[in-house]
Amino acid sequence: MHEFLAQLVNGISLGGIYALIAIGYTMVYGIAELINFAHGDVYTLGTFVALAIFGALGISGELHGIALVVDSGLALIGAAVCCGLIGMAMERLAYRRLRNAPRLAPLITAIGVSFILQNLMQLWKGSAPIPFPAVLPNPRFDLGPVSITAQQIAVVALAVAAMFALQIVVTRTRTGAAMRAVAQDRQAASLMGVDVDRTIAITFLIAGLLAGVGGFVSGVYYQSTWFLNGFSAGLKAFTAAVLGGIGNIAGAMLGGFLIGIIESFATWLIGGQWSNVTVFAILILVLVLKPSGLLGERVPEKV
Amino acid sequence: MARELLSIADLQAWYGESHILHGVDFSVQEGEVVTLLGRNGAGRTTTLRAIMGLVGARTGSIRIAGAETVHLAPHRIARIGIGYCPEERGIFSTLSVEENLLLPPRLDAGRAMSVGEIYAMFPNLSERTASSGTSLSGGEQQMLAIGRALMSAPRLVLLDEPSLGLSPLLVQTIFGVLRTLHERGATMLLVEQNARAALKIAGRGYVLENGSIAREDTAANLLDDPAVVAAYLGA
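Protein chains in written order, with our numbering: chain A, 1 to 303; chain B, 1 to 235.
Read the hints as simulated data drawn from the structure, not as lab findings.
Each residue gets a CB set at the ideal place from its N, CA and C atoms; glycine is no exception.
Just to be clear, a hint being listed does not mean it is correct.
[What the hints assert, rightly or not] Using 25 Å as the maximum straight-line C-alpha spacing, the simulated SDA-like pairs for lysine to any residue come out as follows: (1) A/290 with A/33; (2) A/290 with B/76; (3) B/200 with B/230; (4) A/125 with A/33; (5) A/290 with B/94; (6) A/125 with A/221.
[What the hints assert, rightly or not] Here are some, though not all, of the chain B residues that point toward chain A, as calculated from beta-carbon distances under 10 Å: (7) 70; (8) 74; (9) 86.
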């Protein structure tokens, strides 16, 4: 029972990170009908930027009090903003001109953008794993049968806060309404005066911001990263988005947490070497049995 | 002094290989209601879509309040002040009634209508503000589409088949609203299969045949012309 709860807590923390990335996949798919395979690398870039900011601030160990809030706040915001801008830049430079091209063209371009980001990060930090400073003091809190670390609380709290903010933007603002309108019918939205290019750019910005938050959180949680970190995390988050129903934001959140929990339990019950197999088996099963996902109505194109 | 609001000269438009409009010329003065008559396939809807910038291949001239717009993208044309109410209505099911109304950007804060004014015009909608766009009946969707086209205080409203598929009672309601709008000085270009009703509120009409204007006259003359009645008004 103890182990069960401990794995559940692990899975939820892991799932918070997957959810943050999965939202970006799902929003971009929903609005631009593009599977942005470079999105996982944007997430890794978030960890790298946070690392660079901590480096520039001369931080290599635990932070306390005001310094904890200010310095990690700077790293978090810096990572999020950088990733948001990179997201916008890749849309502007690579995807926008392919908007009316056959579907395969932007897909292959996304894979190309992914390679570019991976190689830039490799040039920047090399190919070895890079330690991330353990900035967060990590006391354990014993809650009856299970103990939770401060890091786990931070991961889940940041993920949930970011999702909550996103939900407000999407459901309560004019920009959010424009995003939903463009997602449903781009042409009809433009006829109402909605600037489709701008709306899609904002979507990439938001997806990047969330990936940046995910990158920061993952650095703090794992205290390590490397230039290919986003490859498997991105694929798992993509699986989460498909599981939840691609195009559906709530589905991506649900899928993210489910994939985190499933991976955590697979590692515990079957063994760590099987966790990826389990997750991708789920991807295949969902695509075969329920391609619209748990909450989705759209059926994704085969890619 | 009436000012020329829309002026179209030698408008040609293609869908892929098919040449739909072969040089359309007409104009709409400020405050005027003009209707386009013609058989199915004559190019009426294509003319409206070309004005909105929806037809990919178009040449000629479309001037709105003097500014050339034939090369502009749809959202730019909408923002110049064209309210478009498409035949398929274009209601977003993922948006509530109120969000649908608030979607068009405010062009002119002074003249733009408030949501309250739209609800006053269409009381049915005020009971459904939070409902999703497609839970509405056909008539309510049409009212929403017209209301939304008015929200930005457009200089010109393009209406494509506003009475299509509606019950006679709702057709009356819709035309009543169009008449009220006309009395308030709105400028409208109307495509309507119920040509008789359209000619009753329009000042002038143009007859489109095979992608060009075959005839222009006042609405009264068109209504009195046996040939027009036989061809377009279903006798």
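The hints, checked one at a time:
Under the criterion of a C-alpha separation no larger than 25 Å, the hint pairing residue 290 of chain A with residue 33 of chain A is consistent with the structure, at around 19 Å. With a C-alpha separation of about 40 Å, the suggested pairing of residue 290 of chain A with residue 76 of chain B is violated against the 25 Å cut-off. A distance of roughly 17 Å separates the Cα atoms of residue 200 of chain B and residue 230 of chain B; the hinted pair therefore holds under the 25 Å criterion. Distance check on the hinted pair: residue 125 of chain A and residue 33 of chain A sit about 33 Å apart at the alpha-carbon level, beyond 25 Å; violated.
Using a Cα cut-off of 25 Å, the hinted pair residue 290 of chain A and residue 94 of chain B holds, with the two alpha carbons roughly 22 Å apart. Taking the CA atoms of residue 125 of chain A and residue 221 of chain A, the gap is near 20 Å; set against the 25 Å cutoff, the hint holds. Hint status for residue 70 of chain B relative to chain A: violated, with the closest Cβ pair at about 16 Å, above 10 Å. The restraint placing residue 74 of chain B at the interface with chain A holds, with a minimum CB-CB distance near 4 Å, inside the 10 Å limit.
Given the 10 Å rule on beta carbons, the hint for residue 86 of chain B holds: about 7 Å separates it from the nearest Cβ of chain A.
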